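K.L.:
Residues per chain are reported as follows:
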Amino acid sequence: MSVLKPLPRWADVVLLPLLNLTLAFVVSGLVVLAIGQNPLHAMWAIATGAFGSGYNFGYTLYYATNFIFTGLAVALAAHAGLFNIGGNGQAYVAGLGVIAVALLLDGTHWIIVMPLAMLAAMLVGGIWAFIPGYLQAKRGSHVVITTIMFNFIAAALMVYMLNYVLKAPTGMAPESRMIAPDARMPRLAEFIDFFRHTPVNLSLFLAIALLVGVYYLIWHTKFGFALRTLGQNPTASRYAGFSNSKIIMIVMTMSGALAGLVAFNEVLGVQNRLVLDFVADAGFVGIAVALMGRNHPFGIGLAALLFGALYQGGNELQYVVPGLTREMVVIIQALVILFTGAMEGLFRPGLQFAFMLFTPEHKAEAMARESAGSES
Amino acid sequence: MDLNFLISMLDATLRLSTPLLLACLAGLYSERAGVFDIGLEGKMLMAAFAAAATAAVTGSAWAGLFVGMSVSVLTALLQGAAAISLKGNQLIAGVAINMLAAGLTTFLGQQWFRQGGRTPPVSGDARFSSIQLPFAAELRNVPVVGEIYSVIISGHSILVYVAFLMVPLTAWILFRTRFGLRLRAVGENPKAVDTAGISVRRLRYQAVLITGLLCGMAGAYFSIAQGAGFGNNMTAGKGFIALAALIFAKWRPVAAMFTCLLFGFLDALQIRLQSTPLPVLSDVPVQLIQALPYILTVVLLAGFIGKAVGPKAGGVPYTKER
Amino acid sequence: MTSEGTNAQRPETAAAKPGASDWAIELEKINKRFGPVHANKDIDLSVRRGTIHGIVGENGAGKSTLMSILYGFYNADSGTIKVNGAIQNITDSRHALALGIGMVHQHFMLVDNFTVLENIILGAEDSRILGTSLSRARSELGRLEKEYDLKVNPDALIEDISVGQQQRVEILKALYRGADILILDEPTGVLTPKEADDLFRVLRTLREQGKTVILITHKLREIMAITDAVSVMRQGEMVKTLETAKTNPEELAELMVGRRVLLRVEKGESHPGKPLLKITNLTVADDMGVVRVKDVSFAVRAGEIVGIAGVSGNGQTELLEAITGMRDQRAGDVIVNGHKLFLKGDDGASRARAAGLAHVPEDRQRMGLVTNFQAWENAILGYQNSAEYGGGLMLDGTAARAAATAQMQRFDVRPLNISLKTSLFSGGNQQKIVLAREIGRDPDVLIVGQPTRGVDIGAIEFIHNQIVKMRDAGKAILLVSVELDEIRSLADRILVMFDGQIVGEADPATATEGELGLMMAGISNREAAQ
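Protein chains in written order, with this note's numbering: chain A, 1 to 376; chain B, 1001 to 1322; chain C, 2001 to 2530.
These are calculated hints, taken from the structure and not from any lab test.
Careful, some of the hints might be misleading.
As the list claims (entries may be wrong) - Coverage of chain B stretches by chain A, computed from C-beta distances (three or more under 8 Å per stretch; other residues unrestricted): (1) 1082-1090; (2) 1102-1116; (3) 1242-1248; (4) 1295-1303.
To be verified - Residues on chain A that point at chain B, a partial pick, calculated with CB under 8 Å: (5) Leu-157; (6) Gly-323; (7) Met-343.
Just so you know, these numbers come straight off a predicted model, no measurement behind them.
Backbone N, C-alpha and C define an ideal beta-carbon position, used for all residues, glycine too.
Model the full assembly from the supplied sequences, consistent with the hints where possible.
P.N.:
Put into structure tokens, the structure is as follows:
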């Protein structure tokens, strides 16, 4: 078996994701070509659609806010070796927490409603993720399967709640009544003209703060140390005296709480009421964002911005290039997940080989690494 | 509840269980071989679209079925390449496939047919129509037995019969043939298979191929047998119900059939309840019935009723050398 | 990547020598590398047909690799393989099987939820339909059972039968495939003494029937008991092949270990004080629920090193894991400095550590280190909650890095780079990182498993001296090692473990290797002393 040296850090965190992203764009470009459109034209349309004006950029940031929340949710769990595929469901039920606070505190000023709604979103989202976490830690059920199931259970639960419990008495549609204007989370457009009429709101600052917060949590707290140890080597984690089952439950709860903040943004800041499917697919985009961002908050910030731009640009695409719809973005996103997440083996060996060819002096290091792992 | 109601419910159950059953058996082959597949949904969706598009253009249901199955197989092989050859994360590969299918089908649908992602409706030869079994008409008036035969059993599309025939066939392949023995072995202990001189990779690709074929059939059933044309996201999470059924059936073919019938019945029931409330069930929310397959599966997974333990080597790419 | 070493052709005269076809297996100049690890260096080996041929060597000597090459599981980088006198290029297991070579792996290659019969035919089915294959196999199995006296119920599930029975299935699997040459890799490692005796009886029957058996083991007792010839391997090389009748365990042991620089540990008299670690009636089960440690009691006093000697797999691992909170105890107590440890739950290790018990685990990479972490992170692993690394929830990276630097300097870890990924350090330096961490906090009790496994000579001396220093500082040290030399030179008192029990105690100053060897083979202290 040939021994390939691990990639230098910069290649691992920058070059490889960029290569995979490029490949995703190239394949999507081929799809565009196949239907007889110019891919470069489409790219330009997406870019101007996302960044062309304050209006466009405001929407980009609004999408990015959600993707930061779900991307962090996926990444935090991933650092502990858990794949939380249930961000969608966690975000969805968290809407119940937000709407409950907002409607119960009807007529209260947003400065009071906002922190409470935020906590409620995190609490409900956290509980929805805690259950799969508990089942994995104590009963050995695989968290991937249970979180998938919980997405569907959440969907059914929300339809029920909106139809039978929260439906506005006067309305026909399955949605709650509107949150009183005073209680709504202010949009940035209220302070900054640049973002006129766009839904981007104060929760963007929360998302940015959480990027920093999660970074500190993972790399600068004792709990972060514990969860990373668990994710890398459960035996060593037990050796270090951590209770692996407790870490799993806490991390899943935190992950769900992060995903739940999508509801905070959407319900209190954008829709101002609880509606069906307000999460769209933010939970799944979070997977792409976390993979693309290499599970690092800095990368997640960039990847969330990228996907925010793709989503917003995708919306504008159809007006510029006839026939190209926002589904193009879903395709790109799927390809990013496929190439960065599941087909990493496509580029890595070749890249490693290329690096070894050009840096023979690193061979010794590779040797040292291998002999450390030797046994017969 | 009168007999007519029961018969019509069972008739609907059979129709609604068919795609579940095909997808569930599809997943069974992969997972028994040690390749976790949460991309059943995506493969079905791809096939549903390809089948409807082909049938609409060619006017032939069989052509639609063929293309649908081919597309599903290609998708399965892409997933297999990631999971088997490139030793990638099987779960992430599944997520990607589902998302790709959702995007690609809608996108291409809008491009090709300009009907908001729908394909043109298919009818006549472009659709699998119901088959009257022999003597169905004659026996119609025989009480109970005749009605069961002519209404419940007769009068479905050919794919329904194929799906249910796949159950004994799968059981036979799995438990009575050399291929089945090896397939089960490779999902439990691939190293045992490797040391016995059989290629793990080849077996897993074969399994993934069958998964693709069956998912293709399930997808085609949605768009050109049960339905008459493709609509956005028309599989609507059925791939995940099939996955739940597979776990619930503990990866066994006959149990899978009964689980799919149960889940199909729950589906028929909730559809029925949405139109006409039934006296007994008036207090049960439809959504609870919709969520029941998932809830049951979680409860089973948690070991509160029996224990579902999947193939031991599931989800782990096989690496021979150290 | 690499394939070096001479591609040796056997001289023609040798191939033509009379009686060449007496050899079932002839290996010449076999080389195999795993990256930079030269697992097999120019190995020559000839095995006479119809004999039981032993291959002995320490862990890591390259025995299993060599046999995996013969069985086609790995391909050699260079060298020639002859089977029954003809040169063969064995590409895969199927090919080896076709040549009549069967292998019983150390870890059985069985499918747990299959029946015995299904396992036997797997890969050797003679029909696409299972029923036909199974019924033919059933009658063939009946014949084999009679011929070799290998009773096993063909319809039992593997998971329901004993380990000894499972091994029979592996042997039957090979015989069913027509194996004439049977390789057994450490076959008795998992067997009870009774089962091992049964196995030897079977192997003798096989020999009588004209089969060739290659037995890989590191247990000299077995070599002496059953083989006709024995080859000794050491560090990837073939040292010597001898006729069993003309050798003795002492000679083999010496060949296995080699005339390595005798590791002199400078240490004075021990002055034991009060017991710091007391183990009472400890009984421990492994993950499969098999009881591995049976009602063990002993004490380690301040200022002494107690060594636990024994053939690996006799419960030492489970003993260490139970004492350090890595494994739920079945019964019994661990008392550190007068305080009984509460070790239930999956965080028992934290309470053991808090009580003043430090642990250098047997398998560093699996347990003692997170190899993907930077060195400084591993320098605090297990002690991360200590106040010096930050109060409250935060981890004080600066303090941790400073502590790591100090630890690594004190233990001369090279390179002295706290930000280097731990996997990039050599084995010896990884071990130093662990030792520095565990010793650095001045624990009352130090538990050390295989302290020098995979460590180069230079580091061994350093590590030994550190352990002695701990002792002289009045700490209690429990040392487990499969290296008898290491135990003898370090320990002040030796306890011998066999089959989950302490079967004897010896004074390293007076006990001979032979006496210890007998105890390790399960023959008790008193008998041995006679």
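K.L.:
Return the numbers of the hints above that this structure violates; sort them in rising order.
P.N.:
Of the numbered hints given earlier, the structure breaks none, since each of them holds.
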